[in-house]
Amino acid sequence: MTKAVLVDLTRCIGCKACQVACKRWNDREATPTELNSDPQLEWTNPPGLSPQTYTYVRFVKTGSQDSLNWTFAKIQCNHCLQPHCATACPTTALIKTENGPVIYRKELCIGCGYCINACPFDIPKFDEEKKVIEKCTFCSERLLENMEPACVQACPTDTLVLTNLEDARRKATEAEARGLHTYGLHEVGGTSWIYISEVPFSELGFPSHSNATPAAHQLDLLSKFAGTGLFIGGAMLAGLKFYAQRREDVAKSEGSE
Amino acid sequence: MTELSWGILLAAYIFVGGMAGGAFMIAALADLFGKEKYRELSKSGTYVSIISILVGLVLLVLDLGRFEVDPLGILNAFRHFPTSMMTVGTWIISALTIVALMTALMWIFEGLTIARKLLGIVGFILGGSTTAYTGLLLAFARGRPFWTSPFLPWTFIVSGALTGLAMSLLLIPVITLFVPRFSPDFKTLVNDKQRFANVLITSQRYVFIMIIIELGLVLIEILTGHFGALLNLGGLSILFFIYVTLGLLLPLAVAYFMQKTEYISVVMQARISMISFVLILVGGFLLRYVILTAGQLIL
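Chains as they are written, first to last, in this note's numbering: chain X, 1 to 257; chain D, 258 to 556.
Below, in silico cross-link-like pairs of lysine-lysine (DSBU-like), each with a Cα-Cα straight-line distance of 30 Å or less: (1) D:292 / X:241; (2) X:241 / D:374; (3) D:374 / D:294; (4) X:171 / X:16; (5) D:517 / D:450; (6) X:61 / X:23; (7) X:252 / D:517; (8) D:444 / D:294; (9) X:252 / D:292; (10) D:374 / D:444; (11) X:252 / D:294; (12) X:96 / X:171; (13) X:125 / X:96; (14) D:292 / D:374; (15) X:131 / X:23; (16) X:224 / X:96; (17) X:125 / X:61; (18) X:16 / X:61; (19) X:241 / D:294; (20) X:241 / D:517; (21) D:517 / D:294.
In silico negatives: residues of chain D with every beta carbon more than 12 Å from chain X: (22) 291; (23) 361; (24) 371; (25) 375; (26) 378; (27) 432; (28) 435; (29) 440; (30) 455; (31) 506; (32) 521; (33) 531; (34) 532.
Treat the hints as calculated values from the structure; they're not laboratory data. Note that the structure is predicted; figures quoted are calculated from it, not measured. Beta carbons: idealized from backbone N, C-alpha and C, even for Gly.
Produce the complete structure using the sequences and hints provided.
Here you go:
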């Protein structure tokens with residue numbers, strides 16, 4: 001059964017237990033951090049993902065000064081249903097597994113970095129020293145043992161709930177019907193981590209994406225590419241015809257003189 | 258700010274990859290429709306294609322930086338066909354390498370003319386696909402909206418053909434100067450100043466057309482707002498400006514005035530053309546570098 005995680009941001013208190021649990025389980029080193037340079041995110045620490053940080057909690061100030069509000073948004077790989085990273089990967093080092101996680105097989109990776117540029121959510125990070133990609137694994141090894149991902153287990157408020165994909169999508173759809181905002185139901189064809197929030201995701205710094213899957217995205221570009229080619233070709237033929245006609249006219253007028 | 262996973266080495270790879278494809282396209286067209294008048298250009302284009310692919314391979318290996326750890330690991334890039342654009346490109350450029358090598362052998366041993374021309378048709382398609390791949394590779398990257406444009410691959414195709422032609426014409430005197438024995442007919446052409454000037458003048462006519470198309474594509478990208486950000490990116494904007502002025506507009510002016518042959522001696526025509534071709538090459542590289550870097554900075 002395909003697993004999914006429902007991330008209900010209306011419940012998050014920003015305790016960062018998920019951040020710590022992820023570091024512990026994945027044996028990620030502690031690194032000196034700094035506050036985020038963006039004033040709207042200044043209490044976000046660490047400021048973003050890195051090879052040593054698979055997840056972090058974004059502290060977002062919303063509202064005006066009189067009604068200042070905080071929203072805490074956990075960021076990690078969304079484990080897309082049809083991942084752009086895995087589609088782009090030339091070596092199949094990144095693959096989508098049947099039970100949900102997008103996993104990385106470093107023995108196949110050549111370090112080309114295409115996944116970094118292909119990911120719609122800017123998730124994979126390159127470890128320059130080890131020449132490997134680092135990103136959230138969905139604790140795939142824990143899932144195989146019927147355990148929750150480390151972050152889900154550590155969450156004290158049930159912001160993170162491990163469930164199956166159908167259940168997560170149904171609950172998110174119900175939340176949408178109640179007027180809440182969702183992320184991951186439609187974006188890039190859907191993801192295995194689906195968010196619910198009272199605040200629009202554009203205000204939380206989540207990128208806006210259409211529901212196009214990698215195949216649809218590529219097909220759309222290819223058709224436009226072909227269309228552009230036809231236009232350029234047509235323009236060139238018209239130009240050549242005009243040039244040939246003009247030469248003929250000039251030759252005729254010179255002949256008549 | 259996002260990290261730059263693709264730097265100057267990859268920009269250079271995309272540049273030489275495009276040049277490899279473009280040079281073979283020009284070489285094939287010159288061979289198929291040149292009626293033996295442009296056989297040296299065709300020959301030179303084939304050599305440029307092979308040299309560019311080899312240089313590209315070295316650049317790629319250096320960029321990946323894993324050769325000492327896993328020298329054959331790069332072969333894994335053939336695995337994900339046809340889903341990954343990078344794998345598709347790897348197969349296409351490999352096929353182009355084989356076709357270009359076979360064509361080069363046919364040129365060196367001066368035989369199998371019909372087979373060479375037939376191979377030229379296949380090579381033309383592979384060359385076009387190689388240059389297109391370098392653009393589509395970027396356009397398909399969903400995380401970099403700056404690259405998501407159907408015009409970008411066409412810009413790279415035209416630039417690939419332009420730089421391929423420029424490099425092919427530059428290589429003829431370079432080989433004559435440094436390894437004249439490798440291709441005596443290059444030396445014959447260079448020494449026949451009038452004929453060499455004729456080849457250059459005809460080539461400049463195509464250079465003119467290609468630059469007009471490339472400028473048109475760049476203008477469309479700016480007007481549609483796609484390249485708009487390039488006008489406000491500090492150092493990158495300066496490089497973009499240099500690309501447009503020195504890499505396109507100046508060679509365009511040269512290509513135009515080369516048609517007014519009565520005012521310029523044949524030797525001067527050759528010299529000015531060579532300088533213009535160097536500028537085209539510099540511009541072609543700057544285009545790749547600016548696009549590659551800007552795409553990773555603008556999210």
